[in-house]
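Enquirer: Here is how the chains run, residue by residue.
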Amino acid sequence: VQLVQSGAEVKKPGASVKVSCKASGYIFTANYIHWLRQAPGQGFEWMGWINPDTGGRSYVENFQGRVTMTRDTSTRTVYMELNSLTSDDTAVYFCARWDPRTLSTDHWGQGTLITVSS
Amino acid sequence: EIVLTQSPGTLSLSPGERATLSCRASQRISASYLAWFQQKPGQAPRLLIYGASSRATGIPDRFRGSGSGTDFTLTISRLEPEDFAVYFCQHYDNSPLTFGQGTRLEIK
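Same order as they appear, the protein sequences are chains Y and P. Count along the first sequence from 1, then add 34; that gives the number in the numbering used here. Count along the second sequence from 1, then add 53; that gives the number in the numbering used here.
No wet-lab data here; the hints were simulated from the structure. These numbers were taken from a predicted model, which means no experiment stands behind them. Heads up, the beta-carbon is just placed ideally off N, CA and C, and yes, glycines get one too. Heads up, a few of these hints could be off.
[Unchecked claim] Listed below are the simulated BS3-like cross-link pairs for lysine-lysine, each with C-alpha atoms no more than 27 Å apart in a straight line:
(1) P:161 - Y:56
(2) Y:52 - P:161
(3) Y:56 - Y:45
(4) P:161 - P:93
(5) Y:56 - Y:46
[Unchecked claim] Here are a few chain P residues that face chain Y, going by a calculated C-beta distance under 7 Å:
(6) 85
(7) 86
(8) 88
(9) 97
(10) 98
(11) 100
(12) 103
(13) 116
(14) 147
(15) 149
(16) 160
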């Protein structure tokens, strides 16, 4: 199982960013993907999840209206787009696979650093 | 919302010693949904323990998870140099997905 994320980006305040997470080594549609972020020196903040099978999704209230999670089953890739960026969005963004057997996020992407700076 | 509180914030020990890390939930939770992770600088978290006490694939048996109700513990019986890292507990039973703030295990 592997989740490979897109590379680091620097964005200006007010811009949008789209992070990709390409899955391999398992049945893509069998596991939900969660998105989380970790600001420098901070803990994890959960953003929501997407069901790669149906495209159904759920977003944390703090991100409602600013985040969009999508998937492309042909390329086994999940995307997380965050708009109206501010400096508070500077963080490492992770995708993580939810495993219904272990009831945990058993595999994670390597993380994508998004820096928001003018 | 379940809040997970980890203690201590930092633990300073020497290789070969025993480490005991605590994760306390703000209300009673099912052990089935409690996991522990290890994170090293610049890396993604690695699943160590799921269901409070089951080791994930490839995890050495010096890592042991225990607990129930509101109190959970991760014990590392004999610290190896590669064990010095940050450890997080995680809970997810429907919503939201929450993490403890982490315990930093550093070399004394």
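Enquirer: None of the hints should be skipped; say for each whether it holds.
Expert: Results for each hint:
1. P:161 - Y:56: violated, 39 Å
2. Y:52 - P:161: Roughly 42 Å separates the two Cα atoms, so the pair is violated.
3. Y:56 - Y:45: Within the cut-off at roughly 22 Å; holds.
4. P:161 - P:93: Within the cut-off at roughly 17 Å; holds.
5. Y:56 - Y:46: holds, 25 Å
6. 85: For residue 85 (chain P), the interface hint holds, since the closest Cβ of chain Y sits about 6 Å away, which is under 7 Å.
7. 86: Cβ of residue 86 (chain P) sits 5 Å from chain Y, so the hint holds.
8. 88: holds, 4 Å
9. 97: holds, 4 Å
10. 98: Residue 98 (chain P) check passes; min Cβ-Cβ to chain Y is 6 Å, inside 7 Å.
11. 100: Holds, because the Cβ-Cβ distance from residue 100 (chain P) to chain Y comes to roughly 5 Å (cut-off 7 Å).
12. 103: Where the cut-off is 7 Å and the nearest Cβ of chain Y is about 4 Å from residue 103 (chain P), the hint holds.
13. 116: Violated. Min distance 15 Å.
14. 147: violated, 11 Å
15. 149: Hint holds; residue 149 (chain P) Cβ to chain Y Cβ min 6 Å, cut 7 Å.
16. 160: violated, 20 Å
Comparing the model with each earlier hint shows violations of hints 1, 2, 13, 14, 16; every other hint is respected.
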